[in-house]
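Residue numbers (my numbering), protein chains in the order written: chain X, 1 to 599; chain Z, 1 to 332.
If you are wondering where the hints come from, they were derived from the structure by calculation, not from laboratory data.
Model, not experiment: these values are computed from the prediction.
Mixed in with the good hints there might be a few duds.
[Unchecked claim] Only pairs whose alpha carbons sit at most 27 Å apart, straight line, appear in this in silico DSS-like list of lysine-lysine:
1. Z:K249 x Z:K239
2. Z:K288 x Z:K141
3. Z:K141 x X:K238
4. X:K108 x Z:K309
5. X:K238 x Z:K288
6. Z:K281 x X:K238
7. X:K111 x Z:K313
8. X:K267 x Z:K288
9. Z:K309 x X:K111
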Amino acid sequence: MTKLDDSAGVPGQGNSDRGGGRLVRRTFIIALILLSSGFIAGGAIELGFRYQESVNSIWLLQTEMANRAAFKIHQFMRGIDKTMRTVTQTQRLVESGLTKDFEFALIKLLKTEPAITSVTALGSGGQERYKLSRVQLALPGDLTIRGDDEAFLRAKGGVTYFSPVYFVGDSEPYATIATPIERFAGEILGVLIAEVNLKYIWDVVADIRVGQAGYAYVVSGNGDLIAHPDISLVLGRKNFMNLAQVQNALAGETGPFTASANLEGQKVFTAYATIPALGWTVLVERPTSEAYTSLYSSLFRSGVLLLIGLGMAVLASLMIGYRVVRPLQTLREGVARIRGGDLDHHIDIQTGDELQMLADEFNEMTAKLRESYAGIEKISHLKRFFSPQLAELIELSGESDLMDDHRREITVVFCDLRNFTEFSSIVEPEEAMKVLREYYQAIGVLLRHYEATIEHFAGDGLMAYFNDPLPCPDPEIRAVRMAMEMQRDVGKLIEGWRKRGIKLGFGIGVSSGYATLGRIGSEEEFHYAAIGSVVNLASRLCDKAQSGQVLIAESVSAKIDALAEVRRIGDLSLKGFLKPVAVLEVMALKDEPSNMPNH
Amino acid sequence: MLAVDWSKIALFALLTLVATGTVGQSGATDIVYRIGFIAFGSRPVGRVDNSPLTAFRQTLRERGYAEGENLILDERWAEARLNRLPVLAAELVQLKPNIIVASGASAVRAVMAETQEIPIVFAGAGDPVSEGLVPNISHPKGNVTGISTAPGRELEGKRLQILQQTVPGIIRVGVILDSTSRHDPAPLESAARALGITLISSGEVVDPEEFRAAFTEMLRDYADAIYAPETPVNVRHRKLLVELALEHKLPAIYGSREYVEAGGLMSYGSNFSEIFARAAKYVDRILKGATPGDLPVEQPMHLELVLNKRVAKLLGLSFPTRILMQADEVIQ
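Throw the hints in and build the complete structure from the sequences for me.
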């Protein structure tokens, strides 16, 4: 079990709380949008169709009302026409022209038809024969000839003629009806022309019931009001051409019309019917509040259903939100604990879905992390011997291969401080340790720089070598370079120490050759060691070296001709070596020593 | 945790409900309306039921105005004294009524002199434009509108014709005029000429003595018939008028049925009860917010010919068929 960073979980906690809140909200909103947009789209389409259907049926219903109103109004005018024909169609009145009794027929006509203000009987030539008015004095002397009158000519043709609407005395709407006077069908002896006061249509129009607040009115072809339940509008000679619905109706547009304002500015739904024989248009208006009652209730029902649907969508969204979020929360807490270092934590989610899979992945990942940490511990162990990057490399490439026992040609570097043992025995331990730290600081940098493998260090001495566990192409060159730089850097230290009254020296020995390498020690505590005469030789050369000297074996010098100037010291007898050994000293490097990696 | 704005959902729901619901209407009103009424004549006595004012009240009642509840009707009767009208009109205006209803052009003018603000509805005026009550029939513009008694001045010629058709041979007709009217005599005179009738003007008559004197005068001028238009003075003195006509054996035609009911021979004209009823409808509309200037002057829908057979018999006459055929009512 490993605790890496206990504090890491604390700031993370706050973050993931907020993140979790957002997720619930987002999940909820997404679910809500998806669900409710379905409902709304469906509802809107439904509402749209409902609206269209309702408006169409209202239009049809109201058009039917307008047709009935138009029929009644047409009937009213046709009724006058019929009475006029009936009253005159008596053998006695029309023997071979209009008889004297005709005047009585006109009196009777005025009696029967209150809407007729005056009536004139014309002979077949258009001469006025009899005239009777409710208001005016009609004398025989006033009778004129109207042979060119359109009313006369049309009726003479056997057809009832309805004139355009005109106004009398500035306010009363009138129309002329002319009918043929026939003895029998086809034999036209004259024409009867009646001035009809259209005010009397008021009775018809006012009687037309259109729902609760609806009403019908009649306009002429140019928008002049002919009949309206409010007769004042007719007498006031209103023209309705400025109303959109009147324009539409007169233009013969097919409905449904959109609701528009009536004369009072009230919004009304309008339908219409025409009376082609009269050239009139009957409009039926109902306030939208009434006309749309069925529409509104239908829309209301749909709206309520939509609201219920939306409510359910909200609930479902919440449910989905929590179903997703609760395991996510478990997951998040688990991850937070793992992040906090608890690698043994097991995230337990049993939803049987992707979330569970995710949790399982996490658990696997945690297991892998545990293994990794074990590896990391080993790496830290390796770091004792190798440079950090080397240690990681060894770990990653699989330590067993590299660290198994093997034999290889290596270049060994031995170095130590001269007189340190005496120095350390006479000064305070703190002072000795300080010197030692400065010393190791200086050579440590170079060891890491040249990626040397440190075999061991003891007190002031250190053994390092090249070409193992990782091979390098130029172990001798690296070793000599490093040795020379050590001399240079430690030499500076020695200079400094001498100023402080500390007299120390520094020598280095380098040799190369085959050595056996491998682990020494138990499974837990082991040592990576190099064994062979090459190690001994380097050690001896180090011993022989005076302060400031780098002594190398012949095997080394052979490889560094290009690098350094070498002076042969001679063949020396060294402890542990049967024959004298050729010893050389590196005098100086031929070039600047800074073309190594990482420089 | 929940990011839904419930208040918006609630608002949406509320709007849906409001859109489909109905807006409550205000209940019964406590307003009491005050209507002034002014006429030249006398307060009707006796058979009040068939007086035009009764029709006026009746129509108002049908439209939800009841005296003692939400209506005060201030009546002012000049009792046939012309100089009383301005005083009474001023009195009425002082009461600040919602509307003043005036019968007869003289009464209307008296009120018009007192106010330009209070709506005036006239119930019966012969020719509102030439009487100076309104500039225009279809768009009266000012604060005055109402119901006229005749569709035009031509009606007077028509009356003369009916009189002549009833009593063929009459050539001198006495016309009872009064000073309350600004009658334009031209249409009547031209109609008389066309009919071959000479008109004998009564001169201005206001009180009973003048009526008697006028009759004596007209007889001296060989009047063989009488025409009495529906002026307020004539209406006020109709009883006396018909008595004098009968006494002097003169056939006569009058402007409205009231004369015939009082014993006159015949009348042709509009029905005052109908005119008053329609005036009441205008009162209702104005009380509901209509502007008098926007309400066109209405003309009578019906002209009625009323005959009195009993009087005819007393005069030794019989109505010819063509007259009987046109009659709306024949009093036996």
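Here's how the hints hold up against the structure:
no., hint, in the structure
1, Z:K249 x Z:K239, "holds, 15 Å"
2, Z:K288 x Z:K141, "holds, 18 Å"
3, Z:K141 x X:K238, "holds, 15 Å"
4, X:K108 x Z:K309, "holds, 21 Å"
5, X:K238 x Z:K288, "holds, 21 Å"
6, Z:K281 x X:K238, "holds, 20 Å"
7, X:K111 x Z:K313, "holds, 25 Å"
8, X:K267 x Z:K288, "holds, 20 Å"
9, Z:K309 x X:K111, "holds, 20 Å"
In the structure shown, no violation is registered for any of the earlier numbered hints.
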